[in-house]
Each structure stands twice: as C-alpha cells, then as structure tokens.
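Undergrad: Read off the chains here:
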Amino acid sequence: MTSNAPQVAGQGVGIPYPLLLVAELSYVCPLHCPYCSNPTGILGTKRSTELKTDDWTRVFGEAGKLGVLQLALTGGEPLLRKDLEELCTAGRDAGMYSTLVTSALPNLTERLPGLQAAGLDHVQISIQHSNREESDRIGGAVSYDKKLEAARRVVELGMPLTINVVLHRDNLDDVGELIDLAASLGARRLELANTQYHGWATVNRAALLPTLEQVTRGEQVVNEKRAQYGSSLDILWVLPDIFEDLPKPCMGGWASDAIILDPTGRALPCQSAATIPDLEHLSVTEHSLFDIWFDSETFNRFRGTDWMQDPCQTCPLQRQHIDFGGCRCQALALTGDITATDPVCHLSPHHGALVAKREELLAVRDEDRPAYVYRTTSPARG
Amino acid sequence: MSDVHVPRLASGVRLHRDEVRARDVLLFPEGALVLNDTATQVLAFCDGVRTFDEVVAAVSELYGGADVRDDVAELLAGIRDQGLMDRDDE
Ligand code: SF4
Ligand code: SF4
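Read top to bottom, the protein sequences are chains A and B.
Counting along the first sequence from 1, when you hit position 144 you're at 173 in the working numbering, and nothing is skipped either side.
Counting along the second sequence from 1, when you hit position 28 you're at 473 in the working numbering, and nothing is skipped either side.
FYI, nobody ran anything at the bench for these hints, they're computed from the structure.
Treat the numbers as computed from the prediction; the structure is a model and nothing was measured.
You may find that some hints are simply not true.
Stretch-level coverage of chain B by chain A, calculated; a stretch enters the list once three of its residues show a Cβ under 8 Å from a Cβ in chain A [said to hold, decoys possible]:
#, region
1, 449-462
2, 474-482
Away from chain A, derived, C-beta distances all over 12 Å, residues of chain B [what the hints assert, rightly or not]:
#, residue
3, ASP492
4, VAL494
5, GLU499
6, ALA502
7, SER505
8, TYR508
9, GLY509
10, ASP515
11, ALA518
12, ASP526
13, GLN527
14, ARG532
Using N, Cα and C, we set each Cβ at its ideal position, and we do this for glycine too.
Work out the full structure, taking the sequences as your base and the hints as a guide.
TA: What follows is the structure, given as structure tokens:
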C-alpha cells in the first residue's frame, strides 16, 4: 500500500489521469447562502438548459474510463433533479465512488433509501450554524431541522456522513458547538472551510470577512476538539488564504486531478475559472471528456510551469510545483493579469495591495457592515 | 491461539479495480488507498463471513502453506487504523 494521492502519467506527456468529477447538476437551490461560490452569472438561469439524463449518464461512463474514482453530485441543489437516483446508478456502473453534496432540502430524508439502493455511497450535508435561527438566517431559508433529520437518517442507513460548514464572521465563534453538533449527529468527517472569496462570496466580502482573532481562536478550538474526539471524527480545517502570505495550490494545480461540469455541461478545471474571459468553455455535448482533458487548450493552459512569469518563474522558494503560482482567478481579479503570481504570495508585487484591501475590510465596524446579498438564480428575488 | 473475529470493510468503503492505472484501490469518502497485490488478496477474503483465522488459512494456502499470520494481522491493523475496517467484536 502506498500514498493517498495516486498520480500516474496519462496520454499526453506527464498529464495524469483525472481522479475527480464534480457534476453541478442544477444551479437552482432552496438555500441562498451569501458565501456561495457559484458564479453570480447564475442569476436568471433556466432549468431547461440543464443537461439531460442521457448526457450525464454517457459522461459518467466516459469519466469512469478516464480513471475518475470520485464523483461529486452537487449544484446548486442536486436534489432538484428528479433523475438523481438514475444518475447515482450511472455513477456506480462507471465504477466511481459517489458523494451527494447537498443542503438536504427539499426532500433528502425521504429519498435517502432510494438513493442508497441506486448506488449512492456517501452524503455530505451543509449546516450554517449550530443555532437554528442563525443557521436559517445565514442560509436564507428555514432548513435547520430538516438538515438534522436527514443527517440522522444517513447514519441510521449505515452510510458515511460528512457535515460541511463554510466559515465566516457570523459563525466562526460557533466552531466548538458546530463540532459537537457534527459529532452528536454521528458524522465521520467535518469540513470546516473558511470562505474563499469567489462568486457570491466576493459580493458579500465586507459582510463575511472575519477578524484575525476569530480565525486564530477558531483554529485553537479545532485543535482542542481534535484531541477530544480523536479518530472518531475527522475534522478538516481550511484557512482563508486572505490571511496567509503563501498561496494554496488551487485545485492541486491547474487541471491536475479534477474536472468540473456546470449544469449545462461546460467543462472547466475549477469552478471559478468561469470568470476567466478568454477561456474557451468546451461542452460535453460536443466533445468527449477524453479530448477535453488531454487535448483542449483550456485544460492545458496553465499546466506545468512554462506559462509562469516572475517571481514564480524564478521562485526563490522553489515552490512552483508546490503551489503552482496560486489561484489564476484571484491573480486575474486582483492584478488584471491571468499569468501573474497570486497576490496572496508575499513575493508578488501586488501583495501590498491585497494586504491594504484586507485591512480596509477589517476596519469596517460591526454596525457598519453591509447586509447580506443573498445568492439566488431568480431575478425576481434580487 | 485462535482469533475468530470477522474482519470486514467499514460501511461506505469499497474495493475497486482501477483499470486505467492497472491496480486495486479502496474507495472511501473523498479518498482512495492504493493496494498492493498482497493487500488485494487478503481483502478479497475479508468477505464479512470468514473469521480472521479463516482469512489467514486462505492466504497461507496461496503461499504454499507459509506462516502469514503476523503479516495478515499487521496489514489489517494498518487498514483499520485508517478507519477503513471494522471488527465484529467491538
Ligand atoms: S452554498 Fe448555499 S446557496 Fe450555494 S449551492 Fe450550496 S446550499 Fe445552495
Ligand atoms: S513566487 Fe510563485 S511559486 Fe514562488 S511561492 Fe510565490 S506564488 Fe509560489
């Protein structure tokens, strides 16, 4: 037995086969989380543009042949697809391990036995806060009780349960209670992911950005709780990179192990990559997943290190293969240059501007914080 | 010394043949563990019916009657430590 991160050379020289397919089945969602990483462009999307059952089934088959081992069924809210059971079976038939990433609304509890029988392996449920009123307020919909009910049902059925919480100013002080809640529900994993500022989260940055003290305290609580719960609960804690001075390897490196498909079937190496203007969006309705992965300009664009400029090109820390120059979307958003070094990096000439922006946001007093702009696909809600 | 506990994969963990990379893996939430040939052989006998002693006997037969008891125990303990196996006696 060896490591956890299998990497095997694929077709093109040095291109590994992909390991993960993220299938965003529908952008519509019963919740309206202000930190949602979906693009703001989803406003006004129509369900009629979503891929049909046959398309998804075919693509899952292609993914299995391409070596994909993990399938994430997500959205928006994947439960809004009436054919979700069929899609679970297609995933299983293709040999992939499937995870349903869900808000639990509208009807997870009722559908669970059918989904399990259809081949679903694992359920990940989001919770917004350990307090019912707060959770419902942050999610923009009454949902807390249904989430807990569904989580308990997952465990009763003997399926592995992950709880995931996106952290920000309004729930970071609640981390201890959230961990206790996840443990009491019987979760095996808890993902505590500090908000990354993409999509709707960018719009709500001034409302969501926590203080450094909150983040530091949160980390302490996580360490205490890890000692308390030991191996019975696997707690993942992801720092917000706005507080760091070295970037994260976005998606483990551009197009290194994942394919994201949006509800219309457009393939991208990362969800936020939809914000890159001149990136061609190839659809699985016109191209095979194989061609998209190995041969498309989009997926090859930032593979390797040839595209990098300085300081990355001549990085004094030799981190080119560790962080791959950071997030492309963030580099574009903050410098206007898609091949620039991610400004999170202290070696970036734009790092100072990022720090100044952060300080400006942190200086906003609580009473002056803007209200949430709730995420929605409906222009009427606005 | 006999050991009649029944080793089995934890719920939500599956053995999978990864054809593209020509190897076997254990799949579990958000991860994969690459198995070597011996591990695959041992896990194939952990069907939730065979006791530990029976698994050892079956593996031993594959290796011409060699004493594989400690190796099998160590291998299964390693997988258990990662939360991927259960015993029926706890
Ligand atoms: S983050 Fe919230 S609004 Fe966005 S898809 Fe998930 S549950 Fe829906
Ligand atoms: S200069 Fe580039 S490669 Fe070096 S640490 Fe910064 S982002 Fe990473």
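Undergrad: Each hint needs a verdict: does it hold in this structure or not?
TA: Here is what the structure says about each hint:
1. 449-462: holds (count 5)
2. 474-482: holds (count 8)
3. ASP492: 17 Å, holds
4. VAL494: Consistent with the label, B:VAL494 stays out of reach of chain A, its closest Cβ about 18 Å off (over 12 Å).
5. GLU499: Given that every Cβ of chain A is farther than 12 Å from that of B:GLU499, nearest at about 22 Å, it holds.
6. ALA502: 23 Å, holds
7. SER505: Label holds. Min Cβ-Cβ 20 Å, cutoff 12 Å.
8. TYR508: 18 Å, holds
9. GLY509: 23 Å, holds
10. ASP515: 17 Å, holds
11. ALA518: 15 Å, holds
12. ASP526: 8 Å, violated
13. GLN527: 9 Å, violated
14. ARG532: With a cut-off of 12 Å, B:ARG532 remains clear of chain A, as the shortest Cβ separation is near 15 Å.
Violated hints, in rising order: 12, 13; the structure is consistent with all others.
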